[in-house]
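**Student:** Below are the chains, spelled out letter by letter.
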Amino acid sequence: MKARAVSPVELTRACLERIERVDHVVHAFVSVDAEHAVQDAQSAEREIKAGHYRGPLHGIPIGLKDNYDTTGVATRNGSRVFADRMSTQDATTWVRLQEAGAILLGKTTMSEAAWGVDFPPVRNPWDVRRNPGLSSGGSGAAVAAGLCFMAMGSDTGGSIRIPAGLSGVVGLKATYGRVSRAGVMPHTWSLDHAGPLSRRVEDAALVLSVIAGHDPRDPASADVPVGDYLSGLKKGVRGMRIGVPREHFWDRIESGVEAVVRQALRDLEGAGAQVKEVSIPHMAAALGAILVTEMASVTAWHDKYLKQPERRAKYTPEVRALMDAGKFIFATDFLKAQRLRRALTDEVRAAFDSVDALATPTLPLCAWDVSESHVQIDGQPEHVLHACWRFTYPWNLTGLPALSVPCGFAADLPVGLQLVGRPFDEATVLRVGHAYQEATRWHERRPPDPVGRAG
Amino acid sequence: MSEPRTRDGDREGLAAVAHLAGYPLSAADLAQVASILEGIMEDVRKLRALDLPDDLEPILTFRVEPWA
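As they're listed, the protein sequences go chains A and B.
So the first sequence is numbered by our numbering: it starts at 1 and just counts up by one.
So the second sequence is numbered by our numbering: it starts at 1001 and just counts up by one.
Just so you know, the hints here were simulated from the structure itself, not pulled from any lab data.
Take these hints with a grain of salt, some might be off.
[As the list claims (entries may be wrong)] Interface residues of chain B toward chain A, partial, derived using beta-carbon atoms under 10 angstroms:
# : residue
1 : Ala-1027
2 : Ile-1040
3 : Thr-1061
[Said to hold, decoys possible] A few chain B residues that face chain A, going by a derived Cβ cut-off under 8 angstroms, partial list only:
# : residue
4 : Arg-1011
5 : Tyr-1023
6 : Pro-1058
7 : Phe-1062
Idealized CB from N, CA, C, for every residue including glycine.
When you get a sec, could you build the whole thing from the sequences and use the hints?
**Tutor:** Structure, rendered in structure tokens:
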């Protein structure tokens, strides 16, 4: 863009044309504002021509999940309850992306209120009969289908990393507090993270460089210096110590997925890393902790809407039932969950005494058929929500930075490798991810054209 | 979440709790809620069964700090 080999207007028009051609099948965008996108691209083009190049995001077309506040465009949180909701202030992340010159194409599709598994019609570009992931599925599908270069998602139990893993793209959840949540509609206060889904690790690093940093609008925002996420990206993993948790992550996993991830660990060794087992004993018992934390918190936020009969009726029955169920979470269980979070954090911290990063599968399964509510893993039936976030939620409970990178395919569907770091050490996570990406090049695979394959 | 197998008695019990707690729900809504609660109970029981140290306090305001 800086060398003017391609212009923001050309790039934006190319994305809009692809959305026009493909998105009637993928349904990754819930709204597209072509007119404003082209106007903003023209403005970026004038600035760049005049020598006012703002940086690598200047003139780059992106998407925002439908729970990011944007003045002038409705933020619906994926729900009829908020169909007409116009925010008066942009999300802090969107403010920072605008300052960097990004062009907003539109809002990406999400599951209602980022809750439940009764998904909107968004489809996985690798197989349009299948699901693209949890609530940021539209963002993952948009990037995988080549509709935009980056899309922001939000992650409460894995909703950036899960669609990244299922759709074969990169997803980054930074440390809790690293990226402002201000202007992103809340789901679970103590678990919510905002972050990018992109095609390459360096794009995630670039976006993080723009959106990271203290924000007085977010009470959980950390006043911790922002690192340089780009300069160390290419240092490789020679001599780095990568821990693989012994518990939980290998107990119940599709054999094809396990084989791909085990190979990814060998590839990291081949790139020079030392891969060793570590122990985090409480990991397996933590699912109850996130369930009660999330159920109680979601219901607490939505309670005022649930009390209004007209609004209550607008929630889909499945999401309304989940929110009603949250009223029956006992305070004693909620507090036990918060005690477990402390125990789990202590154990993870001890595991990090001997390693620089952790590596796990992102998910125990590949993308499932959109009609399925239960899947079979190792011959056992399991609810898809339960199955798909088993490996991602521990890093929401502990708030640690976690990245999913494409690491191959099982039965022609993408598999993700999850990399986890110490608090605020996103640079190491990105460095490991980049080294793996460069050693394997899985990120260069693109899904076949979805048009004509709709089942 | 496991497959729901909620019994009528469970729903009646839940209806009484819902009424007492000030969250009265219709019979249809209660049936769905009971199904969801049953689906998560295995994991909640595991959480309850954990023997955590007496001096382990809950994290009531979640913040992440750099590790020394």
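**Student:** Work down the list of hints and note, for each, if the structure agrees.
**Tutor:** So, going through the hints one by one against the coordinates:
1. Ala-1027: 13 angstroms, violated
2. Ile-1040: With Cβ-Cβ at 5 angstroms, under 10 angstroms, it holds.
3. Thr-1061: Nearest chain A Cβ about 8 angstroms off; hint holds.
4. Arg-1011: Nearest chain A Cβ about 12 angstroms off; hint violated.
5. Tyr-1023: Given a least distance of 5 angstroms, the restraint on B/Tyr-1023 holds.
6. Pro-1058: Status holds, d = 3 angstroms.
7. Phe-1062: 4 angstroms, holds
Comparing the model with each numbered hint stated earlier shows that hints 1, 4 do not hold.
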